[in-house]
Amino acid sequence: KPNPDQPVDPKDPDTPKWPDPVKDVVNKDDVTRTVKYVYEDGSKAKDDVTETLHFKRFAYVNLVTGHIDYREWTTSDDTFNAVKSPVITGYTANKLVVPEVKGVKAGAEDIVEVVTYVKDAQKAIIKYVNEKGNVELDRDVVNGKSGEAIDYSTDGKISAFKRKGYELVNDGFTNSVNKKYDFDAKVDQEFFVTLRERIEPIDPDKPKPNPDQPVDPKDPDTPKWPDPVKDVVNKDDVTRTIHYVYEDGSKAKDDVTETLHFKRFAYVNLVTGHVDYRPWTSEDTTFDTVLTPKIQGYTADKDVVPAVTGVEATAPDFEVTVTYVRDAQKAIIKYVNEKGNTELSRDQVVGKSGEAIDYSTADKIAAYKRKGYELVSDGFTSAANKNFDFDKAFDQEFTVTLRERIEPIDPDKPKPNPDQPVDPK
323 KPNPDQPVDP KDPDTPKWPD PVKDVVNKDD VTRTVKYVYE DGSKAKDDVT ETLHFKRFAY
383 VNLVTGHIDY REWTTSDDTF NAVKSPVITG YTANKLVVPE VKGVKAGAED IVEVVTYVKD
443 AQKAIIKYVN EKGNVELDRD VVNGKSGEAI DYSTDGKISA FKRKGYELVN DGFTNSVNKK
503 YDFDAKVDQE FFVTLRERIE PIDPDKPKPN PDQPVDPKDP DTPKWPDPVK DVVNKDDVTR
563 TIHYVYEDGS KAKDDVTETL HFKRFAYVNL VTGHVDYRPW TSEDTTFDTV LTPKIQGYTA
623 DKDVVPAVTG VEATAPDFEV TVTYVRDAQK AIIKYVNEKG NTELSRDQVV GKSGEAIDYS
683 TADKIAAYKR KGYELVSDGF TSAANKNFDF DKAFDQEFTV TLRERIEPID PDKPKPNPDQ
743 PVDPK
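Counting the sequence shown from 1 gives a position; our numbering is that position plus 322.
Hints in this document: simulated from the structure, not taken from any laboratory. Just so you know, nobody snuck in bad clues.
With a Cα cut of at most 35 Å, we get these calculated DSBU-like pairs of lysine-lysine:
no., residue 1, residue 2
1, K467, K406
2, K502, K417
3, K417, K508
4, K735, K661
5, K467, K417
6, K427, K323
7, K616, K575
8, K358, K368
9, K656, K693
10, K575, K557
11, K501, K484
All chains should be built: construct the whole structure from the sequences, respecting the hints.
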(Lines of atoms letter the chains of each structure in order from A and count residues from 1; the text may use other names and numbers.)
(Lines give C-alpha, C1' and ligand atoms only; values in the text may rest on other atoms or scores of the structure.)
Protein backbone atom coordinates (compact mmCIF):
# COMPACT_ATOMS: atom_id res chain seq x y z
CA LYS A 1 0.00 0.00 0.00
CA PRO A 2 1.46 3.46 -0.93
CA ASN A 3 2.31 6.06 1.70
CA PRO A 4 1.02 9.68 1.74
CA ASP A 5 3.33 12.32 0.23
CA GLN A 6 5.31 9.72 -1.68
CA PRO A 7 5.59 10.20 -5.47
CA VAL A 8 3.17 8.13 -7.51
CA ASP A 9 5.87 7.54 -10.14
CA PRO A 10 9.37 8.25 -8.77
CA LYS A 11 10.77 8.20 -12.31
CA ASP A 12 8.56 11.09 -13.46
CA PRO A 13 9.72 14.56 -12.26
CA ASP A 14 6.19 15.90 -12.76
CA THR A 15 4.50 13.07 -10.89
CA PRO A 16 1.94 13.97 -8.21
CA LYS A 17 2.22 12.67 -4.68
CA TRP A 18 -0.13 10.25 -3.03
CA PRO A 19 -2.77 12.18 -1.06
CA ASP A 20 -3.17 11.73 2.70
CA PRO A 21 -6.33 9.53 2.53
CA VAL A 22 -4.30 6.59 1.12
CA LYS A 23 -3.18 5.82 4.66
CA ASP A 24 -6.74 4.80 5.47
CA VAL A 25 -7.21 2.52 2.48
CA VAL A 26 -8.60 -0.90 3.49
CA ASN A 27 -8.34 -3.35 0.62
CA LYS A 28 -7.81 -6.65 2.49
CA ASP A 29 -9.79 -8.39 5.22
CA ASP A 30 -9.76 -11.80 6.92
CA VAL A 31 -12.62 -13.47 8.79
CA THR A 32 -11.76 -16.46 11.00
CA ARG A 33 -13.90 -19.14 12.64
CA THR A 34 -12.40 -21.07 15.58
CA VAL A 35 -13.99 -24.29 16.88
CA LYS A 36 -12.92 -25.06 20.46
CA TYR A 37 -13.36 -28.49 22.07
CA VAL A 38 -13.58 -28.55 25.89
CA TYR A 39 -14.71 -30.77 28.74
CA GLU A 40 -17.34 -29.67 31.25
CA ASP A 41 -14.66 -28.16 33.50
CA GLY A 42 -13.43 -26.01 30.62
CA SER A 43 -10.21 -27.96 30.08
CA LYS A 44 -9.08 -28.68 26.54
CA ALA A 45 -10.51 -31.84 24.96
CA LYS A 46 -9.16 -31.59 21.42
CA ASP A 47 -7.06 -29.12 19.41
CA ASP A 48 -8.92 -26.09 18.05
CA VAL A 49 -10.02 -26.20 14.42
CA THR A 50 -9.64 -22.86 12.64
CA GLU A 51 -10.60 -21.71 9.16
CA THR A 52 -9.88 -18.28 7.69
CA LEU A 53 -11.59 -16.65 4.68
CA HIS A 54 -9.57 -14.04 2.77
CA PHE A 55 -11.18 -10.98 1.07
CA LYS A 56 -9.68 -8.26 -1.14
CA ARG A 57 -10.82 -5.29 -3.22
CA PHE A 58 -9.36 -2.54 -5.38
CA ALA A 59 -9.24 1.07 -4.20
CA TYR A 60 -9.11 3.88 -6.79
CA VAL A 61 -7.63 7.23 -5.62
CA ASN A 62 -8.38 10.59 -7.23
CA LEU A 63 -4.95 12.25 -7.08
CA VAL A 64 -6.52 15.74 -7.25
CA THR A 65 -9.26 15.47 -4.60
CA GLY A 66 -7.95 12.54 -2.57
CA HIS A 67 -11.32 10.83 -2.94
CA ILE A 68 -11.13 7.05 -2.70
CA ASP A 69 -13.53 4.83 -4.61
CA TYR A 70 -13.73 1.12 -3.70
CA ARG A 71 -14.74 -1.78 -5.87
CA GLU A 72 -16.71 -4.72 -4.44
CA TRP A 73 -15.00 -7.17 -2.08
CA THR A 74 -13.99 -10.41 -3.80
CA THR A 75 -12.99 -13.80 -2.45
CA SER A 76 -12.38 -17.30 -3.73
CA ASP A 77 -14.32 -18.76 -0.78
CA ASP A 78 -17.10 -17.21 1.32
CA THR A 79 -18.13 -20.37 3.20
CA PHE A 80 -16.98 -21.84 6.50
CA ASN A 81 -17.16 -25.61 5.99
CA ALA A 82 -19.17 -27.92 8.25
CA VAL A 83 -16.93 -29.55 10.89
CA LYS A 84 -17.85 -32.90 12.46
CA SER A 85 -17.09 -33.04 16.17
CA PRO A 86 -14.46 -35.73 16.87
CA VAL A 87 -15.60 -38.72 18.93
CA ILE A 88 -14.16 -39.06 22.45
CA THR A 89 -15.03 -42.42 23.96
CA GLY A 90 -17.04 -42.05 27.16
CA TYR A 91 -18.16 -38.53 26.36
CA THR A 92 -20.98 -36.97 24.34
CA ALA A 93 -20.49 -33.69 22.48
CA ASN A 94 -23.24 -31.09 22.78
CA LYS A 95 -22.84 -30.46 19.05
CA LEU A 96 -22.32 -33.41 16.74
CA VAL A 97 -21.39 -31.04 13.92
CA VAL A 98 -20.59 -27.35 13.63
CA PRO A 99 -22.67 -26.39 10.58
CA GLU A 100 -21.32 -24.59 7.55
CA VAL A 101 -21.75 -20.84 7.29
CA LYS A 102 -22.38 -19.55 3.77
CA GLY A 103 -22.23 -16.05 2.38
CA VAL A 104 -19.68 -14.70 4.86
CA LYS A 105 -18.98 -11.03 4.10
CA ALA A 106 -15.81 -9.00 4.49
CA GLY A 107 -15.87 -7.01 7.71
CA ALA A 108 -17.81 -9.72 9.54
CA GLU A 109 -16.81 -10.49 13.14
CA ASP A 110 -14.63 -13.53 13.79
CA ILE A 111 -16.65 -16.54 14.96
CA VAL A 112 -15.90 -18.75 17.97
CA GLU A 113 -17.83 -22.03 18.35
CA VAL A 114 -17.45 -24.05 21.57
CA VAL A 115 -18.17 -27.79 21.59
CA THR A 116 -18.50 -29.22 25.12
CA TYR A 117 -17.95 -32.90 25.94
CA VAL A 118 -20.06 -34.28 28.80
CA LYS A 119 -19.26 -37.52 30.64
CA ASP A 120 -21.63 -40.36 29.77
CA ALA A 121 -23.79 -42.01 32.42
CA GLN A 122 -22.55 -45.56 33.10
CA LYS A 123 -23.86 -48.68 34.81
CA ALA A 124 -21.97 -51.57 36.42
CA ILE A 125 -23.56 -54.92 37.28
CA ILE A 126 -22.01 -57.22 39.88
CA LYS A 127 -23.35 -60.73 39.36
CA TYR A 128 -23.12 -63.51 41.94
CA VAL A 129 -23.20 -66.84 40.11
CA ASN A 130 -23.12 -70.48 41.08
CA GLU A 131 -20.29 -72.18 39.26
CA LYS A 132 -22.56 -75.22 38.83
CA GLY A 133 -24.58 -74.36 35.75
CA ASN A 134 -23.40 -70.73 35.91
CA VAL A 135 -26.75 -69.91 37.53
CA GLU A 136 -27.11 -66.31 38.66
CA LEU A 137 -27.81 -66.20 42.38
CA ASP A 138 -28.09 -62.45 42.85
CA ARG A 139 -26.93 -59.14 41.39
CA ASP A 140 -26.28 -55.55 42.42
CA VAL A 141 -26.51 -52.57 40.07
CA VAL A 142 -24.51 -49.37 40.66
CA ASN A 143 -24.50 -46.16 38.62
CA GLY A 144 -22.00 -43.39 37.96
CA LYS A 145 -20.14 -41.47 35.27
CA SER A 146 -17.38 -42.42 32.83
CA GLY A 147 -13.99 -42.73 34.53
CA GLU A 148 -15.29 -42.43 38.11
CA ALA A 149 -14.47 -45.04 40.78
CA ILE A 150 -17.19 -47.67 41.36
CA ASP A 151 -18.28 -47.25 44.99
CA TYR A 152 -19.04 -50.86 45.93
CA SER A 153 -17.78 -53.75 48.10
CA THR A 154 -18.52 -57.47 47.77
CA ASP A 155 -17.57 -58.32 51.37
CA GLY A 156 -21.05 -58.36 52.89
CA LYS A 157 -22.65 -60.46 50.15
CA ILE A 158 -19.80 -62.99 50.01
CA SER A 159 -20.04 -63.47 53.78
CA ALA A 160 -23.78 -64.09 53.49
CA PHE A 161 -23.28 -66.71 50.76
CA LYS A 162 -20.58 -68.47 52.80
CA ARG A 163 -23.06 -68.78 55.64
CA LYS A 164 -25.41 -70.53 53.21
CA GLY A 165 -22.78 -73.14 52.40
CA TYR A 166 -21.04 -71.65 49.40
CA GLU A 167 -17.34 -70.99 48.98
CA LEU A 168 -15.74 -68.28 46.95
CA VAL A 169 -14.24 -69.24 43.60
CA ASN A 170 -13.37 -65.83 42.26
CA ASP A 171 -14.24 -62.30 43.24
CA GLY A 172 -14.11 -60.71 39.81
CA PHE A 173 -14.90 -57.26 41.18
CA THR A 174 -12.37 -57.01 44.01
CA ASN A 175 -9.68 -58.65 41.87
CA SER A 176 -10.33 -56.35 38.94
CA VAL A 177 -7.34 -54.20 38.05
CA ASN A 178 -9.63 -51.31 37.18
CA LYS A 179 -12.66 -50.73 39.35
CA LYS A 180 -13.74 -47.61 37.51
CA TYR A 181 -16.67 -47.03 35.19
CA ASP A 182 -15.58 -47.54 31.60
CA PHE A 183 -16.18 -45.20 28.67
CA ASP A 184 -18.69 -47.30 26.70
CA ALA A 185 -22.24 -46.13 27.42
CA LYS A 186 -23.75 -48.70 25.06
CA VAL A 187 -22.61 -51.77 27.02
CA ASP A 188 -22.99 -52.14 30.79
CA GLN A 189 -19.91 -53.35 32.65
CA GLU A 190 -20.25 -56.74 34.26
CA PHE A 191 -18.22 -58.21 37.12
CA PHE A 192 -18.67 -61.82 38.17
CA VAL A 193 -18.34 -63.14 41.69
CA THR A 194 -18.27 -66.91 41.27
CA LEU A 195 -19.35 -69.20 44.12
CA ARG A 196 -19.87 -72.94 44.43
CA GLU A 197 -21.13 -75.56 46.83
CA ARG A 198 -18.18 -76.98 48.75
CA ILE A 199 -17.22 -79.74 46.35
CA GLU A 200 -13.58 -80.81 46.33
CA PRO A 201 -12.00 -81.77 43.00
CA ILE A 202 -9.41 -84.44 42.46
CA ASP A 203 -7.01 -82.53 40.21
CA PRO A 204 -5.10 -84.69 37.70
CA ASP A 205 -2.19 -82.22 37.90
CA LYS A 206 -1.73 -82.79 41.64
CA PRO A 207 -0.87 -85.84 43.76
CA LYS A 208 -3.80 -88.18 44.09
CA PRO A 209 -5.28 -88.21 47.60
CA ASN A 210 -5.55 -91.39 49.62
CA PRO A 211 -8.81 -92.82 50.95
CA ASP A 212 -9.61 -92.02 54.57
CA GLN A 213 -7.12 -89.14 54.68
CA PRO A 214 -8.32 -85.65 55.72
CA VAL A 215 -9.08 -83.21 52.92
CA ASP A 216 -7.47 -80.39 54.93
CA PRO A 217 -5.05 -81.71 57.55
CA LYS A 218 -5.02 -78.30 59.25
CA ASP A 219 -8.76 -78.47 59.88
CA PRO A 220 -9.72 -80.91 62.64
CA ASP A 221 -13.26 -81.03 61.31
CA THR A 222 -12.32 -81.76 57.73
CA PRO A 223 -13.99 -84.71 56.00
CA LYS A 224 -11.93 -87.66 54.72
CA TRP A 225 -11.39 -88.70 51.17
CA PRO A 226 -13.60 -91.66 50.18
CA ASP A 227 -12.21 -94.92 48.82
CA PRO A 228 -12.85 -94.25 45.06
CA VAL A 229 -10.15 -91.55 45.00
CA LYS A 230 -7.64 -94.27 44.27
CA ASP A 231 -8.94 -94.34 40.63
CA VAL A 232 -6.72 -92.98 37.89
CA VAL A 233 -7.41 -89.67 36.15
CA ASN A 234 -6.35 -88.73 32.60
CA LYS A 235 -5.61 -85.68 30.46
CA ASP A 236 -5.81 -85.00 26.72
CA ASP A 237 -5.16 -82.10 24.33
CA VAL A 238 -6.86 -81.41 20.97
CA THR A 239 -5.37 -78.77 18.65
CA ARG A 240 -6.73 -76.93 15.63
CA THR A 241 -4.24 -75.34 13.20
CA ILE A 242 -5.30 -72.76 10.60
CA HIS A 243 -2.89 -72.33 7.65
CA TYR A 244 -2.96 -69.14 5.53
CA VAL A 245 -1.54 -69.53 2.00
CA TYR A 246 -1.55 -67.86 -1.43
CA GLU A 247 -2.78 -69.61 -4.57
CA ASP A 248 0.71 -70.97 -5.23
CA GLY A 249 0.76 -72.55 -1.79
CA SER A 250 3.29 -70.12 -0.32
CA LYS A 251 2.77 -68.83 3.20
CA ALA A 252 0.55 -65.73 3.50
CA LYS A 253 0.25 -65.38 7.30
CA ASP A 254 1.47 -67.20 10.37
CA ASP A 255 -0.54 -70.24 11.40
CA VAL A 256 -3.14 -69.74 14.13
CA THR A 257 -3.33 -72.58 16.60
CA GLU A 258 -5.68 -73.22 19.49
CA THR A 259 -5.44 -76.07 21.94
CA LEU A 260 -8.24 -77.41 24.13
CA HIS A 261 -7.17 -79.09 27.34
CA PHE A 262 -9.24 -81.92 28.80
CA LYS A 263 -9.13 -83.47 32.24
CA ARG A 264 -11.15 -86.10 33.96
CA PHE A 265 -12.12 -85.05 37.47
CA ALA A 266 -13.86 -86.70 40.40
CA TYR A 267 -15.88 -84.29 42.55
CA VAL A 268 -16.60 -84.96 46.19
CA ASN A 269 -19.47 -83.17 47.89
CA LEU A 270 -18.17 -82.61 51.40
CA VAL A 271 -21.68 -81.93 52.69
CA THR A 272 -23.41 -85.10 51.47
CA GLY A 273 -20.40 -87.34 50.97
CA HIS A 274 -21.60 -88.06 47.43
CA VAL A 275 -18.83 -88.77 44.94
CA ASP A 276 -19.61 -87.89 41.33
CA TYR A 277 -17.40 -89.19 38.57
CA ARG A 278 -17.32 -87.10 35.43
CA PRO A 279 -16.07 -88.19 32.06
CA TRP A 280 -13.78 -85.78 30.24
CA THR A 281 -14.19 -82.13 31.23
CA SER A 282 -12.60 -78.97 30.00
CA GLU A 283 -12.76 -75.28 30.67
CA ASP A 284 -13.29 -74.92 26.94
CA THR A 285 -14.71 -77.46 24.47
CA THR A 286 -15.01 -74.97 21.62
CA PHE A 287 -12.55 -73.87 18.99
CA ASP A 288 -13.28 -70.18 18.74
CA THR A 289 -14.43 -68.40 15.61
CA VAL A 290 -11.36 -66.91 13.90
CA LEU A 291 -11.79 -63.96 11.55
CA THR A 292 -9.54 -64.31 8.51
CA PRO A 293 -6.95 -61.49 8.50
CA LYS A 294 -7.20 -59.06 5.59
CA ILE A 295 -4.40 -58.84 3.03
CA GLN A 296 -4.83 -55.80 0.82
CA GLY A 297 -5.36 -56.74 -2.80
CA TYR A 298 -6.40 -60.31 -2.01
CA THR A 299 -9.66 -62.07 -1.12
CA ALA A 300 -9.65 -65.12 1.13
CA ASP A 301 -11.77 -68.14 0.22
CA LYS A 302 -13.02 -68.14 3.81
CA ASP A 303 -13.94 -64.87 5.54
CA VAL A 304 -14.05 -66.71 8.84
CA VAL A 305 -13.09 -70.08 10.21
CA PRO A 306 -16.23 -71.00 12.17
CA ALA A 307 -16.31 -72.13 15.74
CA VAL A 308 -16.31 -75.85 16.41
CA THR A 309 -18.38 -76.67 19.46
CA GLY A 310 -18.56 -79.82 21.49
CA VAL A 311 -15.01 -80.99 20.82
CA GLU A 312 -14.35 -84.15 22.79
CA ALA A 313 -11.21 -85.55 24.31
CA THR A 314 -9.32 -88.04 22.10
CA ALA A 315 -10.68 -86.29 18.95
CA PRO A 316 -8.08 -86.00 16.13
CA ASP A 317 -6.36 -82.65 15.62
CA PHE A 318 -8.01 -80.28 13.13
CA GLU A 319 -6.29 -78.80 10.03
CA VAL A 320 -7.90 -75.87 8.14
CA THR A 321 -6.41 -74.06 5.10
CA VAL A 322 -7.41 -70.52 4.04
CA THR A 323 -6.32 -69.52 0.51
CA TYR A 324 -5.86 -65.89 -0.65
CA VAL A 325 -6.72 -65.03 -4.27
CA ARG A 326 -5.65 -61.79 -6.00
CA ASP A 327 -8.48 -59.21 -6.35
CA ALA A 328 -9.75 -57.98 -9.70
CA GLN A 329 -8.80 -54.32 -10.22
CA LYS A 330 -9.76 -51.53 -12.63
CA ALA A 331 -7.78 -48.52 -13.90
CA ILE A 332 -9.35 -45.54 -15.71
CA ILE A 333 -7.33 -43.31 -18.04
CA LYS A 334 -9.11 -39.98 -18.55
CA TYR A 335 -8.37 -37.59 -21.40
CA VAL A 336 -9.35 -34.07 -20.38
CA ASN A 337 -9.32 -30.63 -22.00
CA GLU A 338 -7.28 -28.21 -19.92
CA LYS A 339 -9.92 -25.60 -20.79
CA GLY A 340 -12.65 -26.13 -18.23
CA ASN A 341 -11.15 -29.51 -17.24
CA THR A 342 -13.71 -31.16 -19.56
CA GLU A 343 -13.41 -34.92 -20.00
CA LEU A 344 -12.94 -35.76 -23.68
CA SER A 345 -12.90 -39.55 -23.36
CA ARG A 346 -11.74 -42.37 -21.13
CA ASP A 347 -10.39 -45.89 -21.37
CA GLN A 348 -10.81 -48.66 -18.80
CA VAL A 349 -8.41 -51.54 -18.30
CA VAL A 350 -8.81 -54.44 -15.90
CA GLY A 351 -6.38 -56.79 -14.22
CA LYS A 352 -5.34 -58.19 -10.86
CA SER A 353 -3.76 -56.62 -7.79
CA GLY A 354 -0.05 -55.89 -8.29
CA GLU A 355 -0.01 -56.69 -12.03
CA ALA A 356 1.33 -54.22 -14.60
CA ILE A 357 -1.35 -52.13 -16.34
CA ASP A 358 -1.19 -53.18 -20.00
CA TYR A 359 -1.97 -49.86 -21.68
CA SER A 360 -0.39 -47.12 -23.81
CA THR A 361 -1.58 -43.56 -24.35
CA ALA A 362 0.42 -43.10 -27.57
CA ASP A 363 -2.32 -43.86 -30.11
CA LYS A 364 -4.97 -41.77 -28.41
CA ILE A 365 -2.65 -38.80 -27.92
CA ALA A 366 -1.69 -39.00 -31.60
CA ALA A 367 -5.37 -39.05 -32.57
CA TYR A 368 -6.09 -35.98 -30.46
CA LYS A 369 -3.11 -34.16 -31.97
CA ARG A 370 -4.58 -34.80 -35.42
CA LYS A 371 -7.82 -33.23 -34.16
CA GLY A 372 -5.99 -30.04 -33.18
CA TYR A 373 -5.07 -30.72 -29.55
CA GLU A 374 -1.62 -30.62 -28.02
CA LEU A 375 -0.37 -32.56 -25.00
CA VAL A 376 -0.01 -30.77 -21.68
CA SER A 377 0.80 -33.75 -19.47
CA ASP A 378 0.59 -37.54 -19.76
CA GLY A 379 -0.28 -38.59 -16.21
CA PHE A 380 -0.25 -42.28 -17.12
CA THR A 381 3.07 -42.58 -18.93
CA SER A 382 4.81 -40.34 -16.38
CA ALA A 383 3.37 -42.26 -13.40
CA ALA A 384 6.07 -43.78 -11.19
CA ASN A 385 3.95 -46.88 -10.65
CA LYS A 386 1.89 -48.27 -13.50
CA ASN A 387 0.78 -51.39 -11.67
CA PHE A 388 -2.73 -52.15 -10.45
CA ASP A 389 -3.00 -51.20 -6.78
CA PHE A 390 -4.32 -53.35 -3.94
CA ASP A 391 -7.51 -51.41 -3.14
CA LYS A 392 -10.52 -52.93 -4.90
CA ALA A 393 -12.87 -50.40 -3.28
CA PHE A 394 -11.56 -47.57 -5.47
CA ASP A 395 -10.67 -47.57 -9.17
CA GLN A 396 -7.27 -46.09 -10.04
CA GLU A 397 -7.40 -42.97 -12.18
CA PHE A 398 -4.76 -41.45 -14.47
CA THR A 399 -5.30 -38.15 -16.27
CA VAL A 400 -3.92 -37.15 -19.66
CA THR A 401 -4.34 -33.37 -20.05
CA LEU A 402 -4.68 -31.79 -23.51
CA ARG A 403 -5.39 -28.31 -24.71
CA GLU A 404 -6.78 -26.87 -27.90
CA ARG A 405 -3.86 -25.85 -30.11
CA ILE A 406 -3.76 -22.16 -31.01
CA GLU A 407 -1.52 -21.31 -34.01
CA PRO A 408 -0.60 -17.75 -35.03
CA ILE A 409 -0.93 -16.57 -38.66
CA ASP A 410 1.98 -14.20 -39.27
CA PRO A 411 1.00 -11.30 -41.58
CA ASP A 412 4.55 -11.29 -42.95
CA LYS A 413 4.29 -14.88 -44.14
CA PRO A 414 2.08 -16.56 -46.74
CA LYS A 415 -1.45 -17.21 -45.51
CA PRO A 416 -2.12 -20.96 -45.00
CA ASN A 417 -4.79 -22.85 -46.96
CA PRO A 418 -7.62 -24.90 -45.39
CA ASP A 419 -7.07 -28.66 -45.16
CA GLN A 420 -3.32 -28.23 -45.49
CA PRO A 421 -1.12 -29.64 -42.69
CA VAL A 422 -0.08 -27.08 -40.09
CA ASP A 423 3.35 -28.70 -39.85
CA PRO A 424 4.20 -30.72 -43.00
CA LYS A 425 7.21 -32.18 -41.22
